[in-house]
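2 protein chains.
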Amino acid sequence: MVDNFTLSCPTPRPRDSIVTLSHGGGGRLMKDLVDDLFITAFNNPELAEKHDSARVAAPGGRLAFTTDSYVVNPLVFPGGDIGSLAITGTVNDLAMAGAVPHRLSCAMIIEEGLRIETLAAIVDSMAATAAAARACVVTGDTKVVEHGKGDGLYINTAGIGLIPTGREVVPRRVTAGDTIVISGDIGRHGIAVMSVREGLAFETTIESDCALLTEPVELLFGAGIDCHCLRDLTRGGLGAALIEIAETTMLHLDIDETAVPISGQVRGACEILGLDPLFVACEGRFVAFVPADQAVHAVDALHRHALGVGAKVVGTVAAVQPDERGLVTSRSSLGTRRVLDLPVGDQLPRIC
Amino acid sequence: MVDNFTLSCPTPRPRDSIVTLSHGGGGRLMKDLVDDLFITAFNNPELAEKHDSARVAAPGGRLAFTTDSYVVNPLVFPGGDIGSLAITGTVNDLAMAGAVPHRLSCAMIIEEGLRIETLAAIVDSMAATAAAARACVVTGDTKVVEHGKGDGLYINTAGIGLIPTGREVVPRRVTAGDTIVISGDIGRHGIAVMSVREGLAFETTIESDCALLTEPVELLFGAGIDCHCLRDLTRGGLGAALIEIAETTMLHLDIDETAVPISGQVRGACEILGLDPLFVACEGRFVAFVPADQAVHAVDALHRHALGVGAKVVGTVAAVQPDERGLVTSRSSLGTRRVLDLPVGDQLPRIC
Numbered sequence: 094m095v096d097n098f099t100l101s102c103p104t105p106r107p108r109d110s111i112v113t114l115s116h117g118g119g120g121r122l123m124k125d126l127v128d129d130l131f132i133t134a135f136n137n138p139e140l141a142e143k144h145d146s147a148r149v150a151a152p153g154g155r156l157a158f159t160t161d162s163y164v165v166n167p168l169v170f171p172g173g174d175i176g177s178l179a180i181t182g183t184v185n186d187l188a189m190a191g192a193v194p195h196r197l198s199c200a201m202i203i204e205e206g207l208r209i210e211t212l213a214a215i216v217d218s219m220a221a222t223a224a225a226a227r228a229c230v231v232t233g234d235t236k237v238v239e240h241g242k243g244d245g246l247y248i249n250t251a252g253i254g255l256i257p258t259g260r261e262v263v264p265r266r267v268t269a270g271d272t273i274v275i276s277g278d279i280g281r282h283g284i285a286v287m288s289v290r291e292g293l294a295f296e297t298t299i300e301s302d303c304a305l306l307t308e309p310v311e312l313l314f315g316a317g318i319d320c321h322c323l324r325d326l327t328r329g330g331l332g333a334a335l336i337e338i339a340e341t342t343m344l345h346l347d348i349d350e351t352a353v354p355i356s357g358q359v360r361g362a363c364e365i366l367g368l369d370p371l372f373v374a375c376e377g378r379f380v381a382f383v384p385a386d387q388a389v390h391a392v393d394a395l396h397r398h399a400l401g402v403g404a405k406v407v408g409t410v411a412a413v414q415p416d417e418r419g420l421v422t423s424r425s426s427l428g429t430r431r432v433l434d435l436p437v438g439d440q441l442p443r444i445c
Numbered sequence: 094m095v096d097n098f099t100l101s102c103p104t105p106r107p108r109d110s111i112v113t114l115s116h117g118g119g120g121r122l123m124k125d126l127v128d129d130l131f132i133t134a135f136n137n138p139e140l141a142e143k144h145d146s147a148r149v150a151a152p153g154g155r156l157a158f159t160t161d162s163y164v165v166n167p168l169v170f171p172g173g174d175i176g177s178l179a180i181t182g183t184v185n186d187l188a189m190a191g192a193v194p195h196r197l198s199c200a201m202i203i204e205e206g207l208r209i210e211t212l213a214a215i216v217d218s219m220a221a222t223a224a225a226a227r228a229c230v231v232t233g234d235t236k237v238v239e240h241g242k243g244d245g246l247y248i249n250t251a252g253i254g255l256i257p258t259g260r261e262v263v264p265r266r267v268t269a270g271d272t273i274v275i276s277g278d279i280g281r282h283g284i285a286v287m288s289v290r291e292g293l294a295f296e297t298t299i300e301s302d303c304a305l306l307t308e309p310v311e312l313l314f315g316a317g318i319d320c321h322c323l324r325d326l327t328r329g330g331l332g333a334a335l336i337e338i339a340e341t342t343m344l345h346l347d348i349d350e351t352a353v354p355i356s357g358q359v360r361g362a363c364e365i366l367g368l369d370p371l372f373v374a375c376e377g378r379f380v381a382f383v384p385a386d387q388a389v390h391a392v393d394a395l396h397r398h399a400l401g402v403g404a405k406v407v408g409t410v411a412a413v414q415p416d417e418r419g420l421v422t423s424r425s426s427l428g429t430r431r432v433l434d435l436p437v438g439d440q441l442p443r444i445c
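From first to last, the protein sequence lines are chains A and B.
Residues in the first sequence are numbered consecutively from 94, following the numbering used here.
Residues in the second sequence are numbered consecutively from 94, following the numbering used here.
Read the hints as simulated data drawn from the structure, not as lab findings.
Treat the hints with caution; some may be incorrect.
It does not matter which identical chain is meant; a pair holds if it fits inside one copy or across any two.
[Stated by the list, open to error] Listed next, the in silico BS3-like pairs over lysine-lysine satisfying Cα-Cα at most 30 Å (straight line):
id, residue 1, residue 2
1, K405, K242
2, K124, K143
3, K405, K143
4, K124, K405
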């Protein structure tokens, strides 16, 4: 029952109310939203300074710096949500440069009409994921756009990571003779998002592989592996990741398609949907380019972590022939070889 | 004339074509867009490494870290565009922490149907503004959303700045007795965007004040001014900036409204539109909280720069009385004092 007292409160902000344009206007509603939701959830002294920029202590040396916007539809999917994904994706991009996550930013573009309860749940998910990654969200931004000019919520995260001295993880270090190790099975993120969006029912729910990769990557370095390059298998999947590395380095990568771990569920879903699993996105898988004589050791190291139990060797960087520069070839179960090429667009839009 | 040869080209990408969902899918079209447009325009070795994170050298010490998303409507306005604004806003947030811009990120959320020509012009504008700020865009991201799920283009930029040793520019250093110096006239950005969006015709075009603030801020430090705090007058304008500082520090700020520089044009537009100019956004103006005995010197230093010719003292941090903690008061031309309060929402939505 609504009584007069409730009606006379200056700014009631129950969590079941909705975001309005006024929440993005720099006025009282925005300040309250930022204070009550973001500063409370991300709770740390740098954010609490409420300055135009966070002031961050950093040791000298190499930093990693990355950004991604997240437009995944729907906002919640089996195994994650746009909030956990936004933290995970940026932390993983730092890990791929051999960096330990240090500080994160969070910028929201909210469509008018989003329930504040939904926003709060997503912010809580971001805060929990950031805590798991031992990274603080120290700066942010909130914008609101009119109904019909967004799609619920878009999140941008940027991240600063610290690269320990001596680590040089970068595409140009990939060398002919390197072994390509994959950390586990592919394609679960793309299929999980697609199946819930399109209302596809499989016998059991396929969950996203969305996971923080800092720990398995650190296990590799801890085991003394000289990772020449690391690449997570996000938009475009394993195929796109390898093609990018091949084209950047102008080397020839050769993989054994039969060695690539793919769950029966994902394989079945791909067959039904007419998708090539090599190009379906993951959000918790990566490949490592390591010296051939360290490959077994690298796989062993990954096996010690839950996110690496399915790790195996899937290919090599071949000796380059002039006509194979920048190519990725793949051997099928029939022994034939095909050249992998990027699809023109994407098999699955809006999955990250 | 279109001949057979042209038609047989594998992927013609004339700049007058439009962005499609496929440009955000991690496939060939996205790779080409990123290579041809972003990597070419922002041209620097860190970006050219094409890694998941840029690897950035940084000296030890304090960094500033900030992010903002830009949803300004329309994309181009008198005196700027969303691209120049996105670089300027983030560089200015770094400057407000006393930092020199070091590295920037750029993440685009593009609505399907945007002309590539428009996107290219905006990217060129970003690159030119970043060059003027002596900051490199070293990492980025591209997403495309369906028609009707965006509004042409949203841009997020994050920035890392270097804070020279000994600078401590932060709200909690604001002290009773400090003088508040403003760098110039207020309100031109908000009115410029509003007038073009709403088709309001004034006698002469009001241009945005959008400008990089690093140079005038560095002039202050170069003159030996101990800036306790700096704050740019963006969303919510001078009024919101002062209220935020007052509420964060629980001090009492008192300004002389008659001293606040406002052009006749902006004053006239505000009267017609029923806006309070104190709460209209700027994108190239700031206030500095400086020790009282350095105020004249600070104003003199700002006068040496084109962006500071209108600088003047507008108020003080008053001795705090218990009932005035966290308040901003403003003296009018009639000698009366009013307490400034944040509007609930915003007078002008989507101006940044």
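Each hint tested on the structure:
no.: 1; hint: K405 - K242; in the structure: neither (45 Å within a copy, 40 Å between copies)
no.: 2; hint: K124 - K143; in the structure: within (11 Å within a copy, 38 Å between copies)
no.: 3; hint: K405 - K143; in the structure: between (47 Å within a copy, 25 Å between copies)
no.: 4; hint: K124 - K405; in the structure: between (50 Å within a copy, 28 Å between copies)
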